[in-house]
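We have chain H already, so just place chain G on it with the hints.
One line per chain: the protein sequences are H and G, in this order. Counting from 1, one number per residue, gives the positions in the first sequence under my numbering. Counting from 239, one number per residue, gives the positions in the second sequence under my numbering.
There's no promise every hint is true.
Claimed, not checked - If you only want the chain H side, here are some residues facing chain G, beta carbon under 8 Å, derived:
{"#": "1", "residue": "R104"}
{"#": "2", "residue": "G106"}
{"#": "3", "residue": "V107"}
{"#": "4", "residue": "L122"}
{"#": "5", "residue": "S124"}
{"#": "6", "residue": "L127"}
{"#": "7", "residue": "P130"}
{"#": "8", "residue": "L133"}
{"#": "9", "residue": "D135"}
{"#": "10", "residue": "H136"}
{"#": "11", "residue": "E167"}
{"#": "12", "residue": "L169"}
Hints are computed from structural coordinates only; laboratory data are not their basis. Glycine included, C-beta positions come from ideal geometry on N, C-alpha and C.
2 protein chains.
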Amino acid sequence: MKTGSMLYEGKAKKMYATDDPAVLLVDYKNSLTAFNAQKKAEMEGKGRLNNLISSRLFEYLNKKGIPTHFIERIDETRQLVKKVNIIPVEVVTRNITTGTLCRRLGVEEGMILPSPLVEYYLKSDELGDPLILEDHAILFNWSTREELDKIREITLKVNQLLKEYFEKLDVILVDFKLEFGKDPEGNLLLSDEISPDTCRFWDRSSGEKLDKDRFRKDLGNVLGAYQEIWSRITSKGE
Amino acid sequence: MKTGSMLYEGKAKKMYATDDPAVLLVDYKNSLTAFNAQKKAEMEGKGRLNNLISSRLFEYLNKKGIPTHFIERIDETRQLVKKVNIIPVEVVTRNITTGTLCRRLGVEEGMILPSPLVEYYLKSDELGDPLILEDHAILFNWSTREELDKIREITLKVNQLLKEYFEKLDVILVDFKLEFGKDPEGNLLLSDEISPDTCRFWDRSSGEKLDKDRFRKDLGNVLGAYQEIWSRITSKGE
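Bound-form chain H, shown alone (with noise of 0.2 Å):
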């Protein structure tokens, strides 16, 4: 497959044409940003281990029947996917509060919640990425209400899925971002990534931070931590 002309530089990925109209190319980049992209660091080997493991869980994904962008990973930071448009609502789901939540809503962290709370924000740097509500996104033609309502069946999907494959890990899916889109056909397929940028992750014994908290936060041992949840997914995981 050959590489064509970059059509989109993101915060953590840029985006080429291949020889092929329907089928994209993704570089993933070393950079890691948070709140917002106010703060930002490159890291060495980041792109890289992002790349292994988006590509190792859509692939999982893929073989239980979530449609998904991915085609196949093709070096340690490249891989190939469906062009699709991105529907501009990212998708957070939930299992235990933390972050965003508590500091918005004033509710206490860590609590178990009894079942995932989906939530949509509008996909908008400039914005901020603000919640919003299903009625908005509809109104406002960011999506459909039957659009959305596959969407939350989807997502809820993964949820289960991703949970049980890191419960093996030993590792808790506090919560996650996903974004979804549409091929030319307008088959609805999960896009972008699933990694330790998109995700958060606690070790199940000792609570330990594996993911971008460890940035936000300035915990250190960031790549540490990305190479720990890959280090598992090869040693335990499908």
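Then chain G, alone, in the frame of chain H:
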């Protein structure tokens, strides 16, 4: 009805006990506050107008079968209401886009929505009344699914009734905030007030703002706008 001790002083009203434990006396203050009380003023006559307007609107809603806390107005600034436990969820209904909605979500001002938008905000001055999902309210025990279903149903009825009411006064009901409470028997009652402090009213022909936005935006003649609403109610309203 003898006035007892003051139970609570809010930004716009004082609540007093009465000789009936199920009844409270509400005294409307002249204070105007905006932006979570960062902007404040006193305005002689404002309390009187809001008490007159809100009493008349609650009488109208009572007559139309909406369950409310309102009993009767007793003088220019005071009214009697049933004692309720307020549900800590503010219910905002929007017919036309404006205000925080446009700032938060980057949507155009003045769009007429194809159907009314109902939003919930956590009633918390400390947290700045953040937007919440129904699922937040349920998971964190601020309300229940059943209550929220009933609240939504009543809110949409109130919107329809008030829209019609104000259309006859050549006033457009742009948006408004409601609060609900539960009496000791568990009945859900529309509570708080309905006034130019809690609604956006636009004159139908000129588009002139006839509500607290005159104070928020320093448009001048705040009291005149409240007086105009009351004059139209007494000359043309039920």
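Interface hint status, H136 (chain H) versus chain G (Cβ within 8 Å): 6 Å, holds
Interface hint compliance - V107 (chain H) to chain G, C-beta minimum distance less than 8 Å: At 5 Å from the nearest chain G Cβ, V107 (chain H) passes the 8 Å test, so the hint holds.
Residue hint L122 (chain H), partner chain G, criterion CB-CB below 8 Å: 6 Å, holds
Interface hint outcome for L169 (chain H) [beta carbon to chain G under 8 Å]: 27 Å, violated
G106 (chain H) as chain G interface residue, shortest Cβ-Cβ below 8 Å: With Cβ-Cβ at 5 Å, under 8 Å, it holds.
Interface restraint verdict for S124 (chain H) against chain G (beta-carbon cut-off 8 Å): Hint holds; S124 (chain H) Cβ to chain G Cβ min 7 Å, cut 8 Å.
Restraint check, 8 Å cut-off on beta carbons, for P130 (chain H) near chain G: It holds, given that the least Cβ distance between P130 (chain H) and chain G is near 5 Å, below 8 Å.
Chain G contact restraint on E167 (chain H) - CB to CB distance below 8 Å: With a minimum Cβ separation of about 22 Å from chain G (threshold 8 Å), the hint on E167 (chain H) is violated.
Cut-off 8 Å, beta-carbon criterion: hint that R104 (chain H) touches chain G: It holds, given that the least Cβ distance between R104 (chain H) and chain G is near 5 Å, below 8 Å.
D135 (chain H) as chain G interface residue, shortest Cβ-Cβ below 8 Å: 6 Å, holds
Restraint check, 8 Å cut-off on beta carbons, for L133 (chain H) near chain G: Hint holds; L133 (chain H) Cβ to chain G Cβ min 6 Å, cut 8 Å.
Proposed interface contact between L127 (chain H) and chain G, which counts if any beta carbon pair is under 8 Å: At 5 Å from the nearest chain G Cβ, L127 (chain H) passes the 8 Å test, so the hint holds.
Violated hints for the displayed structure, listed by number in ascending order: 11 and 12.
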